[in-house]
Amino acid sequence: MYFQKHIIETLTKFDFVFAKMILRGGNYHGPFDIALIEGTITEAWQADELKRIREQSTFLFAIGSCAIDGGIPAIKSTIPELEAEKKVYKNLSTIHSIRPHSVDAYVKVDGYIRGCPPGERDLYEALSSVIMGKKPDFLQYSVCIECKLKGNICVLIAYDMPCMGPVTNAGCGALCPSMNRACYACYGPMKQANGPALAKKFKLMGLSRDDIVRKFTLFGADSIEFRKAMDIYED
Amino acid sequence: MKINIDYVARVEGEASVKFEIEGRKLKNLKLNIWEPPRFFEGFLVGRKFDEVPDIVSRICGICPVSHMTTSIYALEKAIGFIPSPEIRKIRRIMALSQIIASHLVHLYMLVLPDYYRLNMLFSHENPPSPPFTKGGKGGLLDEIKRLLRLKEAVNNVTALFGGRPLHPVSMVVGGFTKVPSRDMIGKIIKGLEAIKEDALDTVKMVSELKFPDLKTDVEYLAIMSEDDYAVEEGTIISSSGFETGVDNYHYYFTEKEIPYSNAKRTVLKGKNPIMVGALSRLNIKFDKLHSEAKKAAAMIGFKPMDKNPFHNNSAQAIEIVHGIWKCIEILDSLSVGDFLINPKVKEGAGSSITEAPRGLLYHEYELNNRGGIEKANLVTPTAYNFLSLEESLKKLVNENIDKPIEELKLLCEMLVRAYDPCFSCSVH
Chain A
49 MYFQKHIIET
59 LTKFDFVFAK
69 MILRGGNYHG
79 PFDIALIEGT
89 ITEAWQADEL
99 KRIREQSTFL
109 FAIGSCAIDG
119 GIPAIKSTIP
129 ELEAEKKVYK
139 NLSTIHSIRP
149 HSVDAYVKVD
159 GYIRGCPPGE
169 RDLYEALSSV
179 IMGKKPDFLQ
189 YSVCIECKLK
199 GNICVLIAYD
209 MPCMGPVTNA
219 GCGALCPSMN
229 RACYACYGPM
239 KQANGPALAK
249 KFKLMGLSRD
259 DIVRKFTLFG
269 ADSIEFRKAM
279 DIYED
Chain B
130 MKINIDYVAR
140 VEGEASVKFE
150 IEGRKLKNLK
160 LNIWEPPRFF
170 EGFLVGRKFD
180 EVPDIVSRIC
190 GICPVSHMTT
200 SIYALEKAIG
210 FIPSPEIRKI
220 RRIMALSQII
230 ASHLVHLYML
240 VLPDYYRLNM
250 LFSHENPPSP
260 PFTKGGKGGL
270 LDEIKRLLRL
280 KEAVNNVTAL
290 FGGRPLHPVS
300 MVVGGFTKVP
310 SRDMIGKIIK
320 GLEAIKEDAL
330 DTVKMVSELK
340 FPDLKTDVEY
350 LAIMSEDDYA
360 VEEGTIISSS
370 GFETGVDNYH
380 YYFTEKEIPY
390 SNAKRTVLKG
400 KNPIMVGALS
410 RLNIKFDKLH
420 SEAKKAAAMI
430 GFKPMDKNPF
440 HNNSAQAIEI
450 VHGIWKCIEI
460 LDSLSVGDFL
470 INPKVKEGAG
480 SSITEAPRGL
490 LYHEYELNNR
500 GGIEKANLVT
510 PTAYNFLSLE
520 ESLKKLVNEN
530 IDKPIEELKL
540 LCEMLVRAYD
550 PCFSCSVH
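Residue numbers (the working numbering), protein chains in the order written: chain A, 49 to 283; chain B, 130 to 557.
Rather than coming from a laboratory, the hints here were simulated on the basis of the structure. Any given hint could be a false lead.
Unchecked claim - Chain A residues, not near chain B, derived (Cβ > 10 Å throughout): (1) D152; (2) S177; (3) M180; (4) F186; (5) Q188; (6) K196; (7) M278.
Stated by the list, open to error - Below, a list of computed lysine to any residue pairs in the SDA-like style, where the Cα atoms sit at most 20 Å apart: (8) B:K385 <-> A:Y137; (9) B:K147 <-> A:G73; (10) B:K385 <-> A:N139; (11) B:K473 <-> A:M209; (12) A:K134 <-> B:E170; (13) B:K274 <-> A:L71; (14) B:K177 <-> A:E131; (15) B:K344 <-> B:E520; (16) B:K475 <-> A:S256; (17) B:K423 <-> B:K436; (18) A:K53 <-> B:G320; (19) B:K206 <-> B:E180; (20) B:K504 <-> A:D259; (21) B:K393 <-> A:S141.
Stated by the list, open to error - Simulated restraints on C-beta separations: (22) A:K249 <-> B:Y380: 47 to 55 Å; (23) A:R257 <-> B:L539: 50 to 58 Å; (24) B:E503 <-> A:E91: 23 to 31 Å; (25) B:Y381 <-> A:K239: 50 to 58 Å; (26) B:P533 <-> A:E91: 33 to 41 Å; (27) A:G199 <-> B:K385: 52 to 60 Å; (28) A:E129 <-> B:D467: 42 to 50 Å; (29) A:T58 <-> B:E355: 42 to 50 Å; (30) B:K473 <-> A:M180: 54 to 62 Å; (31) A:G199 <-> B:K400: 57 to 65 Å.
Positions of the beta carbon are idealized from the N, C-alpha and C atoms, including for glycine.
Input sequences plus hints: build the corresponding full structure.
Here it is, written out as structure tokens:
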């Protein structure tokens, strides 16, 4: 299950050109065959750096929920930014944060390795596809499918838990429902998920507007799919 | 002459070390933690208490369980919920497995390459020149294989209760949403038994490393409980005999904003710079270690008070042994039952301090009567270590000022790595 089962083959098949976390020195300038970009963009220089890396890279993958849809740091977008910043620092003159955005808000992305932590299956798929010269086949269905494949009882229908599974991208193996709790969308929104339909269902279950907002802003507050869920409160 | 280490590699997060040398004298050493802030304490306000563990676990990809455990204890205190001894036992296992897993990654992947003059644990290149003959083509392949065996068995412990080793999902305020069967626990114990030898080989490996000499005068801090090598509950104790419960925290500890760093610096009133982490824990509560870990300490030649910060790495190896043997003991004695009580929400405030792999971790929350967060305050190990790390760096540079620049830079980096900082956590 763990990517670490593939670590030795990854180490022997690839040259690590630049990776601060595991490599001292290295070639910062590129060119790179593959760039794996993690993290939300929260300072202006990071956007410049990202554009430079894009130019130097044949394939650029966004890895992890932060890089793909803003992840947890994007919760900051749901409140006035200065308010959040003032709660942390008295002196803001040395802080230069911008509104958190995903990687694809700034550059073209060749694939998304979803999840928090990122899904090992999709990471393996991305790396092996580059070696084989094929298009990576990422998981593009919801957590619901994984529950069905596992034979789980639906926690949303049977136990009235406010489960985000129907709008959340698969990859975790339906972990939360398998552990008796509602999915909280750590893999981020599935493309073209029907957010408003699930928000309506939550409303019928008796969740308050605030509770529903929090469900759709925990992960992926920066995504169209989850922002659209709030349409049910317009008019 | 200005010397800049633009970024310290092989640590978690982003920081640089800058200093000037003028006629054999050190001037102006600064540890600049430029990791961009994410404002967790800002956006936690307005969220609900039951979301907090899942949110704060994302502060760190190496020690998510530590943040979860600490937040859960603080939140339970705020609403007046007292977890059962069995729940606390599982949380102790989770905390121990987190410490072992983090130490393993740190020792093998981040620290080890320095001592073989490699840039990375794995290498496609030929071995560096003698005496560093070990890391040939393939790097330290045997060590990598041992690390993977150890890491898998320990990850399995975290995943057994948490669902997955990183950002576990079953740990919630009130207990665990699901607990494993006795059979599954038995399998995991077997897995741990199987890595005992690898753990002792790790100790042997560390005992052969030639750590640089350095002695620093710092205040060692750890949490202490009477009957155990405390990791998730206890009072705060220091090497000079200072002691306090977590409720008096603000009387003794202050956080200061530093103009050249995004991380704040935590100081203890009227005391030397603080050091927290594996070395501090061993210096303070060595006698509480598992007997097998004491044997490991003898193998390395470690004795408290050890004042060399580089020996934090030896301390980590000893704690790996302690953690594995201790986990087996607790798992053996665990009775499996119902482990979730849905707590009632009420207004209140609560704080908690635990031992993350890198040292003390403090969480504090204020809740309103709907369970909404009104205030959040988090202090991470690297914030405590910030000042003593700077002071140790100054001492190291002064004592090695005649060394060639590249060597001096490497020594500085090695010291930063020895402290096992998490700059991402420190900014959060």
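Results of checking the hints against the structure:
1. Residue-level check passed: D152 of chain A sits 19 Å from the nearest beta carbon of chain B, beyond 10 Å.
2. No Cβ of chain B comes within 10 Å of the Cβ of S177 of chain A; the nearest lies about 22 Å off, and the non-interface call holds.
3. With a closest Cβ-Cβ approach of about 21 Å to chain B, M180 of chain A is found to remain outside the 10 Å limit, as its non-interface label requires.
4. With a minimum CB-CB distance of about 19 Å to chain B, F186 of chain A clears the 10 Å threshold, and the non-interface call stands.
5. No beta-carbon of chain B comes within 10 Å of the beta-carbon of Q188 of chain A; the shortest separation is about 21 Å.
6. Remark: the non-interface label on K196 of chain A is consistent with the geometry, its nearest Cβ contact in chain B lying 19 Å away (cut-off 10 Å).
7. No beta-carbon of chain B comes within 10 Å of the beta-carbon of M278 of chain A; the shortest separation is about 16 Å.
8. With a C-alpha separation of about 10 Å, the suggested pair K385 of chain B and Y137 of chain A falls inside the 20 Å cut-off, and the hint holds.
9. Between K147 of chain B and G73 of chain A the CA atoms are separated by roughly 17 Å; this keeps the pair inside 20 Å, and the hint holds.
10. With a C-alpha separation of about 11 Å, the suggested pair K385 of chain B and N139 of chain A falls inside the 20 Å cut-off, and the hint holds.
11. Annotation: proposed proximity of K473 of chain B to M209 of chain A holds, straight-line Cα distance about 18 Å (limit 20 Å).
12. For the suggested pair K134 of chain A and E170 of chain B, the alpha carbons sit about 10 Å apart, so the restraint of at most 20 Å is met.
13. The suggested pairing of K274 of chain B with L71 of chain A holds, with an alpha-carbon distance near 18 Å, which does not exceed 20 Å.
14. Distance check on the hinted pair: K177 of chain B and E131 of chain A sit about 18 Å apart at the alpha-carbon level, within 20 Å; holds.
15. Restraint check for K344 of chain B and E520 of chain B: the C-alpha separation of about 11 Å stays at or below 20 Å, so the hint holds.
16. Simply put, K475 of chain B and S256 of chain A have alpha-carbon atoms about 18 Å apart, close enough for the 20 Å limit, and the pair holds.
17. This hinted pair checks out: K423 of chain B and K436 of chain B have alpha carbons roughly 18 Å apart, not beyond 20 Å.
18. Between the alpha carbons of K53 of chain A and G320 of chain B the distance comes to roughly 16 Å, so the proposed pair stays at or under 20 Å and holds.
19. For the proposed pair K206 of chain B and E180 of chain B, the alpha carbon gap of about 16 Å is at most 20 Å, so the pair holds.
20. With a C-alpha separation of about 19 Å, the suggested pair K504 of chain B and D259 of chain A falls inside the 20 Å cut-off, and the hint holds.
21. Distance restraint check for K393 of chain B and S141 of chain A: the Cα-Cα separation of roughly 15 Å lies within the 20 Å cut-off, and the hinted pair is therefore satisfied.
22. Distance hint check: the CB atoms of K249 of chain A and Y380 of chain B are about 50 Å apart, consistent with the given range 47 to 55 Å.
23. Taking the beta carbon of each, R257 of chain A and L539 of chain B are about 57 Å apart, inside 50 to 58 Å as hinted.
24. A C-beta distance of roughly 28 Å is found between E503 of chain B and E91 of chain A, which places it inside the suggested range of 23 to 31 Å.
25. Taken as a hint, the range 50 to 58 Å holds for the pair Y381 of chain B and K239 of chain A, whose Cβ atoms sit roughly 52 Å apart.
26. Checked against the hint of 33 to 41 Å, the C-beta distance between P533 of chain B and E91 of chain A comes to roughly 35 Å, which is consistent with it.
27. Checking the proposed 52 to 60 Å range against G199 of chain A and K385 of chain B shows it holds: the Cβ atoms sit about 55 Å from each other.
28. For E129 of chain A paired with D467 of chain B, a C-beta distance near 44 Å keeps the hint of 42 to 50 Å intact.
29. Separation of T58 of chain A from E355 of chain B is about 46 Å and conforms to the stated range, judged on CB atoms against 42 to 50 Å.
30. A C-beta distance of roughly 56 Å is found between K473 of chain B and M180 of chain A, which places it inside the suggested range of 54 to 62 Å.
31. Between G199 of chain A and K400 of chain B the Cβ separation comes to about 58 Å, which falls inside the hinted range of 57 to 65 Å.
Comparing the model with each earlier hint shows no violations; every hint is respected.
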